[in-house]
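Chemist: For reference, the chains in residue letters:
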Amino acid sequence: MKNIRIWFKKDFECRYISHLDLNRCMLRALHKSKIPVWHTEGFNPHPFATFPLPLSLGFRGVNECMDVKIEDNNYSYEDIISKLNICLPRGIQVFKVTEPVMKAGKIAFADFSIKIGDNRTSSHIVYKQLEELLSHEKIEIEKKSKKGLKTIDIKQGIKDFKISEMFDYVQLDIILSAGSADNVNPNLIISALEKYFDVCYEVDITRNNLYNSDMELFE
Amino acid sequence: MVSKDVEKLLLKVQKPGRYVGGELNEVIKNKKNIDVRFAFCFPDTYEVGMSHLGMKILYSQFNSIPYIWCERVFAPWIDMEEEMIKHNIPLYALESGDPVSEFDFIGFTLQYELSFTNMLNMLKLSNVPIKSRDRQELKQIVVAGGPCACNPEPVADFVDLFFIGEGEEVDLEVIELFRQCRNEGKTKQEFLELCSQIEGVYVPSLYDIEYNDDGTLNRIISKGSAPAVIHKRLMKNMDESYYPDNFVVPLVEIVHDRAVQEIFRGCIRGCRFCQAGFIYRPVREKSPETINAQCKALCKNTGYDEVSLSSLSSSDYSQIVSLLEKLNEWSKDEKVSISLPSLRVDGFTDDIMNKIKTVRKSGLTFAPEAGSQRMRDVINKNVQEDELLNTCATAFEGGWTSVKLYFMIGLPTETLDDVAAIAALGQSVVDTYYKCPNKPKGKSVKVTVSASSFVPKPFTPFQWEPQDTIPQLHDKQLHIKESITTRKIQFNYHDADTSFLEAVFARGDRKLCKVLELACQRGFHFDGWNDCFNLEKWLELFDECGIDPGFYANRRRSFDEVLPWDHIDYGVTKEYLIKECQKAYKNTTTPHCRLKCNNCGAAKYGEGVCFEKHQNMV
Numbered sequence: 001m002k003n004i005r006i007w008f009k010k011d012f013e014c015r016y017i018s019h020l021d022l023n024r025c026m027l028r029a030l031h032k033s034k035i036p037v038w039h040t041e042g043f044n045p046h047p048f049a050t051f052p053l054p055l056s057l058g059f060r061g062v063n064e065c066m067d068v069k070i071e072d073n074n075y076s077y078e079d080i081i082s083k084l085n086i087c088l089p090r091g092i093q094v095f096k097v098t099e100p101v102m103k104a105g106k107i108a109f110a111d112f113s114i115k116i117g118d119n120r121t122s123s124h125i126v127y128k129q130l131e132e133l134l135s136h137e138k139i140e141i142e143k144k145s146k147k148g149l150k151t152i153d154i155k156q157g158i159k160d161f162k163i164s165e166m167f168d169y170v171q172l173d174i175i176l177s178a179g180s181a182d183n184v185n186p187n188l189i190i191s192a193l194e195k196y197f198d199v200c201y202e203v204d205i206t207r208n209n210l211y212n213s214d215m216e217l218f219e
Numbered sequence: 001m002v003s004k005d006v007e008k009l010l011l012k013v014q015k016p017g018r019y020v021g022g023e024l025n026e027v028i029k030n031k032k033n034i035d036v037r038f039a040f041c042f043p044d045t046y047e048v049g050m051s052h053l054g055m056k057i058l059y060s061q062f063n064s065i066p067y068i069w070c071e072r073v074f075a076p077w078i079d080m081e082e083e084m085i086k087h088n089i090p091l092y093a094l095e096s097g098d099p100v101s102e103f104d105f106i107g108f109t110l111q112y113e114l115s116f117t118n119m120l121n122m123l124k125l126s127n128v129p130i131k132s133r134d135r136q137e138l139k140q141i142v143v144a145g146g147p148c149a150c151n152p153e154p155v156a157d158f159v160d161l162f163f164i165g166e167g168e169e170v171d172l173e174v175i176e177l178f179r180q181c182r183n184e185g186k187t188k189q190e191f192l193e194l195c196s197q198i199e200g201v202y203v204p205s206l207y208d209i210e211y212n213d214d215g216t217l218n219r220i221i222s223k224g225s226a227p228a229v230i231h232k233r234l235m236k237n238m239d240e241s242y243y244p245d246n247f248v249v250p251l252v253e254i255v256h257d258r259a260v261q262e263i264f265r266g267c268i269r270g271c272r273f274c275q276a277g278f279i280y281r282p283v284r285e286k287s288p289e290t291i292n293a294q295c296k297a298l299c300k301n302t303g304y305d306e307v308s309l310s311s312l313s314s315s316d317y318s319q320i321v322s323l324l325e326k327l328n329e330w331s332k333d334e335k336v337s338i339s340l341p342s343l344r345v346d347g348f349t350d351d352i353m354n355k356i357k358t359v360r361k362s363g364l365t366f367a368p369e370a371g372s373q374r375m376r377d378v379i380n381k382n383v384q385e386d387e388l389l390n391t392c393a394t395a396f397e398g399g400w401t402s403v404k405l406y407f408m409i410g411l412p413t414e415t416l417d418d419v420a421a422i423a424a425l426g427q428s429v430v431d432t433y434y435k436c437p438n439k440p441k442g443k444s445v446k447v448t449v450s451a452s453s454f455v456p457k458p459f460t461p462f463q464w465e466p467q468d469t470i471p472q473l474h475d476k477q478l479h480i481k482e483s484i485t486t487r488k489i490q491f492n493y494h495d496a497d498t499s500f501l502e503a504v505f506a507r508g509d510r511k512l513c514k515v516l517e518l519a520c521q522r523g524f525h526f527d528g529w530n531d532c533f534n535l536e537k538w539l540e541l542f543d544e545c546g547i548d549p550g551f552y553a554n555r556r557r558s559f560d561e562v563l564p565w566d567h568i569d570y571g572v573t574k575e576y577l578i579k580e581c582q583k584a585y586k587n588t589t590t591p592h593c594r595l596k597c598n599n600c601g602a603a604k605y606g607e608g609v610c611f612e613k614h615q616n617m618v
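Read top to bottom, the protein sequences are chains A and B. Quick note: the first sequence uses the numbering used here, first residue 1, plus one each step. Quick note: the second sequence uses the numbering used here, first residue 1, plus one each step.
Worth flagging that the hints you see were computed from the coordinates, not collected in a lab. Wrong hints could be hidden among the right ones.
Claimed, not checked - Only pairs whose alpha carbons sit at most 27 Å apart, straight line, appear in this in silico DSSO-like list of lysine-lysine:
{"no.": "1", "chain 1": "A", "residue 1": "LYS9", "chain 2": "B", "residue 2": "LYS15"}
{"no.": "2", "chain 1": "B", "residue 1": "LYS355", "chain 2": "A", "residue 2": "LYS83"}
{"no.": "3", "chain 1": "B", "residue 1": "LYS4", "chain 2": "A", "residue 2": "LYS34"}
{"no.": "4", "chain 1": "A", "residue 1": "LYS195", "chain 2": "B", "residue 2": "LYS4"}
{"no.": "5", "chain 1": "B", "residue 1": "LYS15", "chain 2": "A", "residue 2": "LYS147"}
{"no.": "6", "chain 1": "A", "residue 1": "LYS162", "chain 2": "B", "residue 2": "LYS404"}
{"no.": "7", "chain 1": "A", "residue 1": "LYS34", "chain 2": "B", "residue 2": "LYS355"}
{"no.": "8", "chain 1": "A", "residue 1": "LYS2", "chain 2": "B", "residue 2": "LYS326"}
{"no.": "9", "chain 1": "A", "residue 1": "LYS69", "chain 2": "B", "residue 2": "LYS8"}
{"no.": "10", "chain 1": "A", "residue 1": "LYS9", "chain 2": "B", "residue 2": "LYS300"}
{"no.": "11", "chain 1": "B", "residue 1": "LYS404", "chain 2": "B", "residue 2": "LYS355"}
{"no.": "12", "chain 1": "B", "residue 1": "LYS335", "chain 2": "A", "residue 2": "LYS34"}
As the list claims (entries may be wrong) - To spell it out: a stretch of chain A is covered by chain B in this simulated footprint if at least three of its residues, at any positions, have a beta carbon under 8 Å from a beta carbon of chain B; those stretches are:
{"no.": "13", "stretch": "85-93"}
{"no.": "14", "stretch": "120-129"}
Unchecked claim - Pair by pair, the computed Cβ-Cβ distance ranges are:
{"no.": "15", "chain 1": "A", "residue 1": "SER213", "chain 2": "B", "residue 2": "ASN438", "range": "55 to 65 Å"}
{"no.": "16", "chain 1": "B", "residue 1": "LYS537", "chain 2": "A", "residue 2": "LYS143", "range": "38 to 48 Å"}
{"no.": "17", "chain 1": "A", "residue 1": "GLU219", "chain 2": "B", "residue 2": "LYS300", "range": "45 to 55 Å"}
{"no.": "18", "chain 1": "A", "residue 1": "LYS162", "chain 2": "B", "residue 2": "ASN88", "range": "34 to 44 Å"}
{"no.": "19", "chain 1": "B", "residue 1": "LYS300", "chain 2": "A", "residue 2": "ASN187", "range": "20 to 30 Å"}
{"no.": "20", "chain 1": "A", "residue 1": "HIS19", "chain 2": "B", "residue 2": "ILE34", "range": "34 to 44 Å"}
{"no.": "21", "chain 1": "B", "residue 1": "THR401", "chain 2": "A", "residue 2": "LYS143", "range": "39 to 49 Å"}
Even glycine gets a Cβ: it sits at the ideal position worked out from N, Cα and C.
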């Protein structure tokens with residue numbers, strides 16, 4: 001028995017399903033594929049899978065991962081990829097299987113590419129607004145939590161960013177705190193932008209990679 | 001497939017996964033190779049519609065024909081509907097993303113009366129004229145089937161043709177005829193007239209209705225060559241009937257998120273309130289071998305780890321134990337669990353319990369339907385109180401601690417004493433638990449008592465009965481509440497307002513079309529949902545149209561009145577229904593089909609239970 005990390009993309013229609021639905025979808029695919037994954041031993045055995053860092057509904061994910069235990073140590077990774085892909089919808093496709101190097105708890109940062117804009121506002125204006133927003137000492141925003149609304153400063157969670165003005169949108173490449181401790185959802189940056197400038201843009205968010213606290217790629 | 005315009009809306013609405021398609025096993029075809037495009041519309045949300053077995057069967061079957069592309073359409077929930085209207089996006093089909101208005105057929109399945117407004121609203125959202133006569137060309141043919149098509153009159157102005165009975169054969173005959181008619185350049189009118197010659201097709205525009213001064217029907221006149229009586233279609237051999245080996249597997253969780261395996265159609269029992277028990281006669285079973293093979297294929301192709309055996313009364317399957325044995329041979333190794341819904345009180349034996357217990361311990365639900373023995377005899381439930389208590393004892397000894405009991409109130413001849421008996425029966429179940437020597441240690445019992453309101457339906461022995469008025473139903477609900485003295489019983493009841501509207505449309509006639517048309521104009525939708533349903537607003541509509549809804553719901557009809565569905569034949573004769581109704585008044589029961597043939601008329605199909613060999617047959 002050994003742990004493996006299954007890497008996949010989440011895009012197209014499947015961008016619009018929640019983490020819970022993704023989990024269900026994966027369990028069904030694992031079940032259908034007949035790959036010898038370890039099952040829970042309760043009353044209703046099901047494949048045991050964990051996700052190092054869930055992805056928000058609506059985001060594209062190009063380097064997402066899921067951890068499972070496999071009962072046959074010599075089972076070919078190529079087979080896992082091809083068997084799972086037959087059982088998955090086209091919006092979720094596996095491209096790599098590895099042995100986990102880092103534990104999920106090591107995740108500290110994630111980098112995102114965010115396209116912002118709409119057909120009413122020139123991308124230069126959006127560029128300027130973003131530049132101004134991100135130059136503030138503090139970016140305070142109200143966040144809904146289980147205990148009600150609380151104000152947090154998301155500037156603390158921005159590790160690095162780059163703004164690029166494109167023809168009909170602005171691209172924000174940004175590295176944010178991620179993981180179980182100080183997670184900053186990029187939607188909060190957009191909320192802040194909308195609140196500061198009283199605007200409403202179309203956004204398209206892609207999560208690229210995860211990193212540990214030393215900015216080493218999560219593997 | 002979703003268009004760019006739709007994508008812009010998706011992050012503004014709840015559960016966007018229901019508007020995107022792209023599921024495993026959805027059928028995508030190349031439009032170049034397609035002659036007929038069929039939009040299969042379910043007039044409710046994605047989660048409800050995707051749970052419906054009939055749609056899964058027909059979707060796969062239509063798509064098995066190379067020249068047809070059948071796609072799915074569901075009613076967008078109110079937040080999405082609002083966004084679509086605001087951004088001028090017409091209703092689209094999930095597979096191609098193309099607008100519904102571009103389809104040759106727009107087909108609806110009518111599962112419950114309160115979805116009528118959703119059907120009209122979906123046409124409206126598609127920018128398709130809602131009335132049949134405003135759609136002149138040979139395209140956008142609006143068709144409908146399902147149990148509510150047995151009295152199609154309240155929606156007769158909107159639907160071009162109805163499928164009466166089971167759709168597997170007749171639907172394809174109509175689609176093929178359409179293809180021919182279009183190749184020959186025929187008009188829609190010519191097409192509809194030809195359709196009316198196919199058995200099981202009802203074209204409402206080919207019938208005129210004459211009324212009496214008191215508002216009842218005088219006669220139903222067929223025009224031209226349309227048949228005077230439309231006979232239902234049914235599948236004679238269930239083993240040879242089409243059944244999908246594959247379901248579309250939803251990305252988001254739906255109401256019944258599992259594989260569903262049909263085991264038989266019809267019901268031997270003949271409970272007098274139950275429409276399904278009459279319109280699907282006679283009982284036709286699949287063989288255990290067929291069921292076993294189909295179950296295996298479904299699990300293999302979908303990845304579901306749960307199969308539900310579907311029928312009107314699973315324990316009446318003649319070889320239920322050997323079927324479960326067959327399924328258990330592989331289900332455990334495959335980590336698949338088998339669930340058996342619709343168990344009768346008298347069908348829950350030790351043997352069955354042990355076989356389903358091996359997989360999943362879900363809640364247990366029984367439907368005694370009435371509290372007193374007299375009432376259960378009136379409705380022909382054929383269940384005795386001690387049978388229920390013994391069954392509950394079996395379940396408690398098997399480790400269950402909660403039971404749900406379903407009842408109906410407002411049944412014909414019912415008194416307040418009969419209603420109080422519901423609470424008393426709940427109490428007896430609680431007492432049974434504490435009398436059980438082997439009950440689970442240290443656990444309390446929970447008995448859920450649910451009471452829905454009786455809605456008289458066409459093609460049942462109670463089709464002439466008045467429904468209790470809303471105040472009468474409220475009195476009865478209150479009476480049960482006051483008769484319950486223990487906190488171990490949880491009492492739920494169904495909203496009487498919705499049952500009233502259901503009763504109006506269930507036995508309505510064509511005069512109701514104008515109420516529905518007005519409802520559509522006013523933006524009525526999702527009347528089956530508490531979020532949207534408002535009886536006050538409906539009463540205003542009836543008032544504006546000069547129609548008394550009580551005429552349909554609360555009036556006792558005489559046996560010789562012409563009923564709005566008299567020109568439709570589901571196999572069971574009117575004489576039989578009258579005889580059953582009269583037996584009900586005398587508290588007399590009727591034995592089920594396997595004990596004795598009661599000559600209901602369904603034997604004319606020459607198949608099914610009517611021709612099984614029975615040891616007890618007299």
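Chemist: Against this structure, judge whether each hint is valid.
Modeler: Each hint tested on the structure:
no.: 1; hint: LYS9/A <-> LYS15/B; in the structure: holds, 20 Å
no.: 2; hint: LYS355/B <-> LYS83/A; in the structure: violated, 32 Å
no.: 3; hint: LYS4/B <-> LYS34/A; in the structure: violated, 37 Å
no.: 4; hint: LYS195/A <-> LYS4/B; in the structure: holds, 26 Å
no.: 5; hint: LYS15/B <-> LYS147/A; in the structure: holds, 24 Å
no.: 6; hint: LYS162/A <-> LYS404/B; in the structure: violated, 60 Å
no.: 7; hint: LYS34/A <-> LYS355/B; in the structure: holds, 25 Å
no.: 8; hint: LYS2/A <-> LYS326/B; in the structure: violated, 35 Å
no.: 9; hint: LYS69/A <-> LYS8/B; in the structure: violated, 39 Å
no.: 10; hint: LYS9/A <-> LYS300/B; in the structure: holds, 24 Å
no.: 11; hint: LYS404/B <-> LYS355/B; in the structure: holds, 21 Å
no.: 12; hint: LYS335/B <-> LYS34/A; in the structure: holds, 11 Å
no.: 13; hint: 85-93; in the structure: holds (count 5)
no.: 14; hint: 120-129; in the structure: violated (count 0)
no.: 15; hint: SER213/A <-> ASN438/B: 55 to 65 Å; in the structure: holds, 57 Å
no.: 16; hint: LYS537/B <-> LYS143/A: 38 to 48 Å; in the structure: holds, 39 Å
no.: 17; hint: GLU219/A <-> LYS300/B: 45 to 55 Å; in the structure: violated, 35 Å
no.: 18; hint: LYS162/A <-> ASN88/B: 34 to 44 Å; in the structure: holds, 37 Å
no.: 19; hint: LYS300/B <-> ASN187/A: 20 to 30 Å; in the structure: violated, 40 Å
no.: 20; hint: HIS19/A <-> ILE34/B: 34 to 44 Å; in the structure: holds, 37 Å
no.: 21; hint: THR401/B <-> LYS143/A: 39 to 49 Å; in the structure: holds, 42 Å
This entry does not satisfy hints 2, 3, 6, 8, 9, 14, 17 and 19, going by the numbered hints stated previously.
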